[in-house]
Amino acid sequence: MLKLLKYLRVRDWITIIFILGFVVCQIMLDLELPDYMGNIVALIQNQGTLNEILIEGLKMLGIVAGSVISTIIVSYLSARVAAGFAKRVRRALFTKVNSFSMEEMEKFSTASLMTRTTNDITQIQQVTTMFLRLALSAPIMAVGAILKIVGKSGTLSWITAIAIVLLLAMLITIFSFVSPKFNKMQKLTDKINGVTRENLTGIKVVRAYNAEKIQEDKFDKVNTELTNTDLFINRMFSIMMPGMQLIMSGLSLAIIWVGAYLIAGGNLDLPNLTIFTQYAMQVLISFLMLSVLFIMVPRAFVSGNRIYEVLKTKNKISNGTITSSQEKGTIEFKNVSFKYPDSDDYVLKNISFTVNKGETVAFIGSTGSGKSTLINLVPRFYDVSEGEVLVDGINVKEYDLKSLYKKLGYVPQKSFLFSGTVEENIKYGDENASDEQVKLALKTAQASFVEKLEGGLNYHISQGGKNVSGGQRQRLAIARAIVRTPEIFVFDDSFSALDYKTDKALRKALKKEISGSTCLIVAQRIGTIMDANKIIVLDKGEMVGMGTHKELMENCKIYQEIAYSQLSKEELA
Amino acid sequence: MKNEQQSTPKMHGPAGRGGTGEKAKNFKKSIKQLLIHLKPYWLPIIIALIFACAGTVFSILGPKILSKITEEIILGILPGASINFVKITTIGLWLVVLYCVSAIFSFTQNFIMSNVTAKISKGLRQDISKKINKLPLKYFDRQSYGDILSRVTNDVDTISQTLSQSLSQMITSITMLIGIVVMMFTISWKLTLVALVSVPISTILVMIFVKISQKHFRNQQNSLGEMNGHIEESYSAHNVIKVFSGEEKAEEKFDAINETLYKSGYKAQFFSGLMMPMMNFVGNISYVVVCIIGGSIALNDITFIASIVAFIQYIRQFNQPIQQVASIAGTLQSTTAAAERVFEFLGEEELANEDDKNAVIKNFKGKVEFKNVCFGYTPDKEIIHNFSEVALPGQKVAIVGPTGAGKTTLVNLLMRFYEVNSGEILIDGVPIQDMKRSYVRSLFGMVLQDTWLFEGTIKENIAYGKPNATDEEIHKACEAANIDHFIRTQPGSYNMVLDEDANLSQGQKQLMTIARAMVENAPMLILDEATSSVDTRTEELIQEAMDKLIKGRTSFVIAHRLSTIKNADLILVMKDGNVIETGKHEELLAKNGFYAELYNSQFTKKHAEVDET
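Residue numbers (the numbering used here), protein chains in the order written: chain A, 1 to 573; chain B, 1001 to 1613.
The set of hints was computed from the structure by calculation and includes no laboratory data. Each residue gets a CB set at the ideal place from its N, CA and C atoms; glycine is no exception. Heads up, some of the hints might be wrong.
One side of the interface only, derived from the structure: several residues of chain B facing chain A at Cβ under 8 Å [as the list claims (entries may be wrong)]:
1. 1059
2. 1070
3. 1103
4. 1110
5. 1115
6. 1122
7. 1241
8. 1265
9. 1274
10. 1302
11. 1444
Take a look, some chain A residues computed to stay more than 10 Å from chain B by CB distance [to be verified]:
12. 165
13. 166
14. 315
15. 423
Bound conformation, chain A alone (with noise of 0.2 Å):
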């Protein structure tokens, strides 16, 4: 958390001293008022005259409105100051993110690094916000308020001091029965989430099966164990409202009484019984708004640790220099293999073929064979554990990676759309496309169906591509790779949501138009890539035929087996 402090400027820092500065100017002026009130009381005792009262009077109200402005100056910087914090935090989080590798996705998860993004940096603006005014005024004010009553009466001091400790006794004991509570109830809340997602996500397969009332009594199980718990922490709760009434009445009483007597014995004054009283709950509010800092503070520690987790994480992959190539549209692997970090298995072993400009080729293999992986070496999603990726005959770790990009059309697995028209995600493949160019990439990605969208090319996609069918998605993703007119293409599984027919057509269709691209090609169905110049068989990470569909009919056992699970051997012959 400490550590996410670099990212205030210099100016803030100087902010901050400011808005200490205005901090202690307005306890200070705060703390003279009871004086004043004091100076009143006396000057009633002593017999003073209206005009003596008037002029203390006024001097109040300028006390008072020098306070406020003190006030309003110190809200306003430490809102700027928290909120810029914030600003420069998100800001590095999300360039961060963006400069991960798959790996480091994986690592924390998407879901994660959005509640990290979001949610963490506005607690931690909160709690900065509120850091700069109380953290700062609360000690201040209770060192000002002791300063104040200290030299008055020893006997009070140590009472107030009683007071304190009750105060903070109970504070203690009753976080301490409920913080861990809080952090079952936030679990709970989740598994209540959970519990109601799985009857919503299963809710044909309850119905079938006539079994709302399973789901129904695990929902009352987890119901009830979340209400008994809200209930604890509630009934404890229920203590500390009056608890702290109690003690902070019992000290004005205690002072008061005790205070009759010190005055009877001839130890303190009235005016400063007066004084006492006021400035004795200063010091007791102070604690309060500590003991509410120390609460809010560990929380905010959670929040920064998790930002700062993702910050410190060092990039595995780092960029290259090489802009340019001699070759185009070539790929080669020599002995690639590929592990996870932490992990004994490798994903791919000792892969190594190549593939020539204009040349398909497809891989193909059982779910967890390793196919969608060894095309992510391509674009460097991962970086080989050992062997080199080659792209036209350079090492793709040497390639500055937006230069590298820049050969690729990449169609991934799950086809992401931006939220905005048809037309300004197609033309996220190359701002430069003219319409001609989009119109001919919708063609041969075979959407045409966008013409009967409302508004056609500027029909508007929501986030994530919802108003459209999966289908369709696949297409608008396959066109915006076409639109790059790439050297080579990189088609993850991105057929899958397309029925035979339009497979077909679009296949058709890309030999056509692409022809002389590269084709990087993963697929599931046979019939997708029967064509390929190049099929190479995966299992287990290991390549175990390579060849087109007629020789690794006859030599590729694995091959026959995938094929005859899809094709009846007449229509394969």
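Place chain B on chain A using the hints.
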């Protein structure tokens, strides 16, 4: 088990607790519904409120009585007098009793209210959970899960917080306000009038600040929403952004949103933070004025000092209830919005009551007949037109067609997830509309593409349709489904808990859902694209398991891969919601129509050329 991706951080989270922004569409109605919900608890609530009043009254009396001690001291230090300690002790003891009683009262009040609130929110959550299972599936087509989830948690939380705090706070604040004014009058009506001048000023100030900060909070909320959206989009499309070098574009947009968020954020903080100091300021001014005027009175009457001291304590407390009422007004607003969302959900039209539907099939054969069925998900768009077909007992009926052709719709009607617009569906001659929904569903086993398993042991999952199934039945089903071996190799075997950490492949999950259908042992079957999300080798295992399951049962199979349904007794070919061809595989191929085209496009180039649409 959760198949859905994690819910994204919603604006309702801690970030969104501005207590502003949301407004109920119908304030009165929601409040009324909320009150109706409170009705069963009226007795404890009223007791709590009485205790709240009493506690407040006592705490108000405190300073007034305390001032009596000061008075005694002042009288005591007058020249020639001495302090009357007997009297002070009596007053002091009274005060001790008073403070303690007051504390007990407020504690009891809090305690009762927490109990009531806990019960009410528990009840609301339960109602929502039950409601989910009573709503027609139609409802879930237009409502997102996130929305319903946020009603169960966030909205109910908001309501319960208001109930436990605001309700009693409102009463105590008002009691306090009145009490303090009364007390002030008993001390000095002149000073009271001075103090009361500050009331309208404070009120106006509060209103102004609430209004301004609400505006900025709303702006902040909007930018925050926009920010969340942009971040979600950027993070989930991380790969795409990288390869298309879209980082700069994403960061530009981020910066723009970040800047607005920053501006609205600090303004919201600033203005809401100003409220307290401004109230204090007004309080302090009346404090000063009271000192001056009080002082001038005390010049002639020295015991009046005691009154000033007491009065000042009241003035210090005076602004507190005004402020509280203002903030309660704000919370009340978001509470009614939350209540409205909850009650809106609870008030949704439920599935029709079927207590009087008692039709059952006496002698089960398994003949299913669609008779002139018309249906549309929305009334204005009919997608199944006058469909009639008969499936004979034991037949395997396949439904094929391109994505979006309406294959699943037929199943939805068969299971009565949706009701036909006209026409009827008969099982062994009995219309399913005359049977209870639960009865119709008990006739079918179902395996879906979406391999939904829940968090629980493997055993519980497999016995889902028949909770009293014996271990032997379960093991047998798993053996038949080719998953027994896998389960036995897992830690805990059949008692292994399936949760997010359980590392099951799609295929393994699918086999478990098949075992689940086997245990249920329903007389008929529905298989909806059960193998489309697994690789082909696993598919063989599943296919084998399904063939065992189908044996002897009337079954409806929706399939992606046509090779798996070639042996069906009846194939229904659907396109754009219509059944356009029916027949056996060979018959349909011979027709050389849409089915033939579909079938051939899958494998070879021999047949019909693919048109470019």
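So, going through the hints one by one against the coordinates:
For residue 1059 of chain B, the suggested interface contact is upheld, since its CB lies about 6 Å from the closest CB of chain A, less than 8 Å. The interface hint given for residue 1070 of chain B is met, as the beta carbon of that residue sits about 6 Å from the closest beta carbon of chain A, less than 8 Å. The interface hint given for residue 1103 of chain B holds, since its Cβ lies 4 Å from the closest Cβ of chain A, which is under the 8 Å cut-off. Interface hint at residue 1110 of chain B: satisfied, since its Cβ lies 3 Å from the closest Cβ of chain A, which is below the 8 Å cut-off.
The closest approach between the C-beta of residue 1115 of chain B and any C-beta of chain A is roughly 7 Å, which is under the 8 Å cut-off, so the hint is satisfied. For residue 1122 of chain B, the suggested interface contact is upheld, since its CB lies about 4 Å from the closest CB of chain A, less than 8 Å. Interface hint status for residue 1241 of chain B: upheld, as the beta-carbon distance to the closest one in chain A is roughly 7 Å, under 8 Å. Interface hint status for residue 1265 of chain B: upheld, as the beta-carbon distance to the closest one in chain A is roughly 4 Å, under 8 Å.
The criterion of a C-beta within 8 Å of any C-beta in chain A is met by residue 1274 of chain B, whose closest approach is roughly 6 Å, and the hint holds. Below 8 Å, beta-carbon pairs count as interface contacts, and residue 1302 of chain B has one with chain A at about 7 Å; its hint therefore holds. Hint on residue 1444 of chain B holds. Least Cβ distance to chain A is approximately 7 Å, under the 8 Å limit. Distance to chain B confirms residue 165 of chain A as a non-interface residue, since its nearest Cβ pair spans about 19 Å, more than 10 Å.
The Cβ of residue 166 of chain A sits about 13 Å from the closest Cβ of chain B, beyond the 10 Å cut-off, so the non-interface label holds. Annotated as non-interface, residue 315 of chain A keeps its C-beta farther than 10 Å from every C-beta of chain B; the closest such distance is 12 Å. Taking the minimum C-beta to C-beta distance to chain B, about 15 Å, the non-interface status of residue 423 of chain A holds against the 10 Å cut.
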